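Heads up: the sequence lines are chains L and G, in that order. Numbering of the first sequence is given in the working numbering, commencing with residue 19 and proceeding in unit increments. Numbering of the second sequence is given in the working numbering, commencing with residue 23 and proceeding in unit increments.
Calculated directly from the structure, the hints in this document are not laboratory data. Certain hints may be false.
[Claimed, not checked] So these bits of chain G aren't anywhere near chain L, every CB distance computed over 12 Å:
id : residue
1  : A35
2  : V38
3  : A43
4  : L56
5  : T68
6  : K96
7  : A109
8  : G121
9  : N137
10 : A218
11 : D247
12 : D257
13 : D262
14 : E268
[As the list claims (entries may be wrong)] Calculated cross-link-like contacts (lysine-lysine; reagent style DSSO-like; alpha-carbon spacing at most 27 Å):
id : chain 1 : residue 1 : chain 2 : residue 2
15 : G       : K159      : G       : K61
16 : L       : K143      : G       : K107
17 : G       : K214      : G       : K30
18 : G       : K192      : G       : K83
19 : L       : K164      : L       : K98
20 : G       : K30       : L       : K48
21 : G       : K107      : G       : K83
22 : G       : K30       : G       : K66
23 : L       : K135      : L       : K98
24 : G       : K107      : G       : K192
25 : L       : K48       : G       : K83
26 : G       : K107      : G       : K214
27 : G       : K30       : L       : K29
28 : L       : K164      : L       : K143
29 : G       : K61       : L       : K48
30 : G       : K88       : G       : K159
31 : L       : K135      : G       : K83
32 : L       : K135      : G       : K159
33 : G       : K192      : G       : K214
34 : G       : K214      : G       : K83
35 : G       : K88       : G       : K192
Quick caveat: nothing in here was measured; it's all calculated off a predicted structure. Even glycine gets a Cβ: it sits at the ideal position worked out from N, Cα and C.
Below are the chains, spelled out letter by letter.
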Amino acid sequence: MPQVTLTVNGKTSTVDVEGRTLLVELLREKLRLTGTHVGCDTSQCGACVVHVDGESVKACTILALQANGSQVTTIEGLAKPDGTLHPMQEAFREYHALQCGFCTPGMVMSAIDLVQKHPDGMSEKEIREGLEGNLCRCTGYHNIVKAIAAAQDVMHGRAQTLAPAAE
Amino acid sequence: MYDFEYHKPGSLADAVKLLSADPDARPISGGQTLLPALKHRLNKPTSVVDLSGIAELRGIKREGNKLVIGALAKHVEVATSPEVKAAIPALAQMAGTIGDTQVRNRGTIGGSVANNDPAADYPSAVLGLNATIVTDKRRIAADDFFQGMFTTALEPGELLVAIEFPIPEKAGYAKMRNPASRYVMAGAFVAKTGGAVRVAINGAGPGVFRQADMEKALTANWSPDAVAGVTQPADGLNGDIHGSAEYRAHLVTVMAKRAIAAAG
Ligand SMILES: Cc1cc2nc3c(=O)[nH]c(=O)nc-3n(C[C@H](O)[C@H](O)[C@H](O)COP(=O)(O)OP(=O)(O)OC[C@H]3O[C@@H](n4cnc5c(N)ncnc54)[C@H](O)[C@@H]3O)c2cc1C
Ligand code: FES
Ligand code: FES
Numbered sequence: 019m020p021q022v023t024l025t026v027n028g029k030t031s032t033v034d035v036e037g038r039t040l041l042v043e044l045l046r047e048k049l050r051l052t053g054t055h056v057g058c059d060t061s062q063c064g065a066c067v068v069h070v071d072g073e074s075v076k077a078c079t080i081l082a083l084q085a086n087g088s089q090v091t092t093i094e095g096l097a098k099p100d101g102t103l104h105p106m107q108e109a110f111r112e113y114h115a116l117q118c119g120f121c122t123p124g125m126v127m128s129a130i131d132l133v134q135k136h137p138d139g140m141s142e143k144e145i146r147e148g149l150e151g152n153l154c155r156c157t158g159y160h161n162i163v164k165a166i167a168a169a170q171d172v173m174h175g176r177a178q179t180l181a182p183a184a185e
Numbered sequence: 023m024y025d026f027e028y029h030k031p032g033s034l035a036d037a038v039k040l041l042s043a044d045p046d047a048r049p050i051s052g053g054q055t056l057l058p059a060l061k062h063r064l065n066k067p068t069s070v071v072d073l074s075g076i077a078e079l080r081g082i083k084r085e086g087n088k089l090v091i092g093a094l095a096k097h098v099e100v101a102t103s104p105e106v107k108a109a110i111p112a113l114a115q116m117a118g119t120i121g122d123t124q125v126r127n128r129g130t131i132g133g134s135v136a137n138n139d140p141a142a143d144y145p146s147a148v149l150g151l152n153a154t155i156v157t158d159k160r161r162i163a164a165d166d167f168f169q170g171m172f173t174t175a176l177e178p179g180e181l182l183v184a185i186e187f188p189i190p191e192k193a194g195y196a197k198m199r200n201p202a203s204r205y206v207m208a209g210a211f212v213a214k215t216g217g218a219v220r221v222a223i224n225g226a227g228p229g230v231f232r233q234a235d236m237e238k239a240l241t242a243n244w245s246p247d248a249v250a251g252v253t254q255p256a257d258g259l260n261g262d263i264h265g266s267a268e269y270r271a272h273l274v275t276v277m278a279k280r281a282i283a284a285a286g
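Modelling step: build the complete structure from the supplied sequences, incorporating the hints.
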């Protein structure tokens, strides 16, 4: 059986896989990292987004073997060991950017990649366009966009703390 | 998904050997088309040959009055490449609107052009710019390459290596996206290269095609007004739940006008 060696959230593992095993299946079923979700079988919903070597990708549309040797970050890898949330996670909480939470891991992973790729900050329109690969059936996106706008200031060091959400 | 063997050759020669030894082996580049198709069991390869380790398929470079883009160039690389932005800004702009961020982080120009989805973006740039497709065996002119829905001149096992784009004086692209899938309903790529005008239409028909009446009108007068009066016949265009053939025919003229305005 083929083997894949990859580093997930800083921990290196070697796992037996089939040719057809998807990265998301390796993460969820072999490594039991079930924070990464599967919401469709058409590569359209983005619930499965993780970072592979720093790029956001749909973990349902990459073979585990294609990710051999790479560094993977999942939603479980964002908070500090003491439980302090990543500024993007904190912003999603503060801005009520989730309801059922199914899309949230993918949204957060996409949002972090988006913010990192735009060091000068993004307008509301750019945030909305940047989220084209992530679907949410609950929130209507409004609070997600607000959360990302607030988190980018913290991530880029333009604000020390997250601006509180308006009541 | 049915299971298959996975190979990752380190050279073009090894990839060609693997593919020619087994008629049911399939190459994979970004996997953004192949993996969704395999999940739906639309085909059943015995083995999948990952091209991502092949250096000969990489790179974006300017060679005289041509821009040469390796098959493995990802959409995000084409969208952000300083060489592409300087030589053919319309191509960089197009690449930046394919699918979504995650699709652009994996999908490649070679995979898209080899696949020839009628609703894909790149085929209209390849045809509109009169590009040459370089394979492991030969060079193919864009006019001979695209042969209708999901069909190209590539033979089984033949690999797309690079695409050579002549650098145009002017080029522009406009498309109407399906609001749900974001794929193209109708798009137009217009270019003037060495004085010659080409208009390539994607999304509207079963395959990308040239619009000869618009080419004639633009040769006489390069302006959005010149194509405003050219009607695209609805005969043979795609009609489905997303839009009738007549609607797509109408969009063709609107998109051509916008593409010329974008080209300047
Ligand atoms: C949600 C979503 C939205 C999308 N939206 C768009 C869009 O708006 N516009 C658009 O144009 N595309 C869109 N795509 C498709 C995307 O652009 C794909 O990346 C592209 O069509 C295929 O490139 P790939 O590298 O992923 O190819 P793969 O999936 O790896 O391969 C595609 C096909 O080409 C063959 N192949 C791959 N490389 C080569 C090669 N070098 N030589 C010969 N054959 C080869 C494979 O065997 C396969 O048959 C979308 C995809 C998804 C999942
Ligand atoms: S599970 Fe829907 S895009 Fe991956
Ligand atoms: S919060 Fe329910 S799908 Fe987004």
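Tested hints:
1. The beta carbon of A35(G) is kept farther than 12 Å from every beta carbon of chain L, the shortest such distance being approximately 21 Å.
2. V38(G), annotated as away from the interface, keeps every beta carbon of chain L farther than 12 Å; the closest lies near 20 Å.
3. Against the 12 Å criterion, A43(G) stays outside the reach of chain L, whose nearest CB is about 17 Å from its own CB.
4. Distance check on L56(G): its Cβ comes as close as 9 Å (rounded) to a Cβ of chain L, failing to clear the 12 Å threshold; non-interface status is violated.
5. With a closest Cβ-Cβ approach of about 10 Å to chain L, T68(G) is found to fall inside the 12 Å limit, against its non-interface label.
6. In this structure K96(G) is not separated from chain L by more than 12 Å, as the shortest Cβ-Cβ distance comes to only about 9 Å.
7. With a minimum CB-CB distance of about 23 Å to chain L, A109(G) clears the 12 Å threshold, and the non-interface call stands.
8. Some Cβ of chain L comes within 12 Å of the Cβ of G121(G); the nearest lies about 7 Å off, and the non-interface call is violated.
9. Chain L leaves N137(G) outside its interface by the beta-carbon criterion, the shortest separation being 14 Å against a cut-off of 12 Å.
10. Taking the minimum C-beta to C-beta distance to chain L, about 35 Å, the non-interface status of A218(G) holds against the 12 Å cut.
11. For D247(G), the condition that its CB be more than 12 Å from all CB atoms of chain L holds, with the nearest at approximately 30 Å.
12. With a least CB separation of 31 Å from chain L, D257(G) remains clear of the 12 Å interface cut-off, as annotated.
13. Annotated as non-interface, D262(G) keeps its C-beta farther than 12 Å from every C-beta of chain L; the closest such distance is 17 Å.
14. Listed as outside the interface, E268(G) is consistent with that label: its C-beta sits roughly 28 Å from the nearest C-beta of chain L, beyond the 12 Å cut-off.
15. Only pairs whose Cα atoms come within 27 Å are accepted, and K159(G) paired with K61(G) is rejected, the gap being roughly 31 Å.
16. About 22 Å separates the Cα atoms of K143(L) and K107(G), which keeps this hinted pair within 27 Å; it holds.
17. With a C-alpha separation of about 40 Å, the suggested pairing of K214(G) with K30(G) is violated against the 27 Å cut-off.
18. For the suggested pair K192(G) and K83(G), the alpha carbons sit about 19 Å apart, so the restraint of at most 27 Å is met.
19. The hinted pair formed by K164(L) and K98(L) meets the criterion: a straight-line CA distance of about 24 Å does not exceed 27 Å.
20. Simply put, K30(G) and K48(L) have alpha-carbon atoms about 23 Å apart, close enough for the 27 Å limit, and the pair holds.
21. For a cut-off of 27 Å, the pair hint linking K107(G) to K83(G) stands: about 12 Å separates their Cα positions.
22. Of the pairs offered as hints, the one joining K30(G) and K66(G) holds, with about 18 Å between alpha carbons and a cut-off of 27 Å not exceeded.
23. Proximity of K135(L) to K98(L) is assessed by CA-CA distance (about 22 Å); at most 27 Å being required, the pair is judged to hold.
24. Annotation: proposed proximity of K107(G) to K192(G) holds, straight-line Cα distance about 13 Å (limit 27 Å).
25. Proximity of K48(L) to K83(G) is assessed by CA-CA distance (about 42 Å); at most 27 Å being required, the pair is judged violated.
26. Note on K107(G) and K214(G): the hinted pairing holds, with a Cα-Cα distance of about 17 Å set against a maximum of 27 Å.
27. Between K30(G) and K29(L) the CA atoms are separated by roughly 25 Å; this keeps the pair inside 27 Å, and the hint holds.
28. For the proposed pair K164(L) and K143(L), the alpha carbon gap of about 11 Å is at most 27 Å, so the pair holds.
29. Distance restraint check for K61(G) and K48(L): the Cα-Cα separation of roughly 20 Å lies within the 27 Å cut-off, and the hinted pair is therefore satisfied.
30. For the suggested pair K88(G) and K159(G), the alpha carbons sit about 20 Å apart, so the restraint of at most 27 Å is met.
31. As the CA atoms of K135(L) and K83(G) are separated by approximately 24 Å, the hinted pair is consistent with the 27 Å bound.
32. At most 27 Å may separate the alpha-carbon atoms for a hinted pair to count; K135(L) and K159(G) exceed this at roughly 39 Å.
33. Straight-line distance between C-alpha atoms of K192(G) and K214(G) comes to about 5 Å, which keeps the hinted pair within the 27 Å bound.
34. For the suggested pair K214(G) and K83(G), the alpha carbons sit about 21 Å apart, so the restraint of at most 27 Å is met.
35. Of the pairs offered as hints, the one joining K88(G) and K192(G) holds, with about 14 Å between alpha carbons and a cut-off of 27 Å not exceeded.
The structure shown violates the earlier hints numbered 4, 5, 6, 8, 15, 17, 25 and 32.
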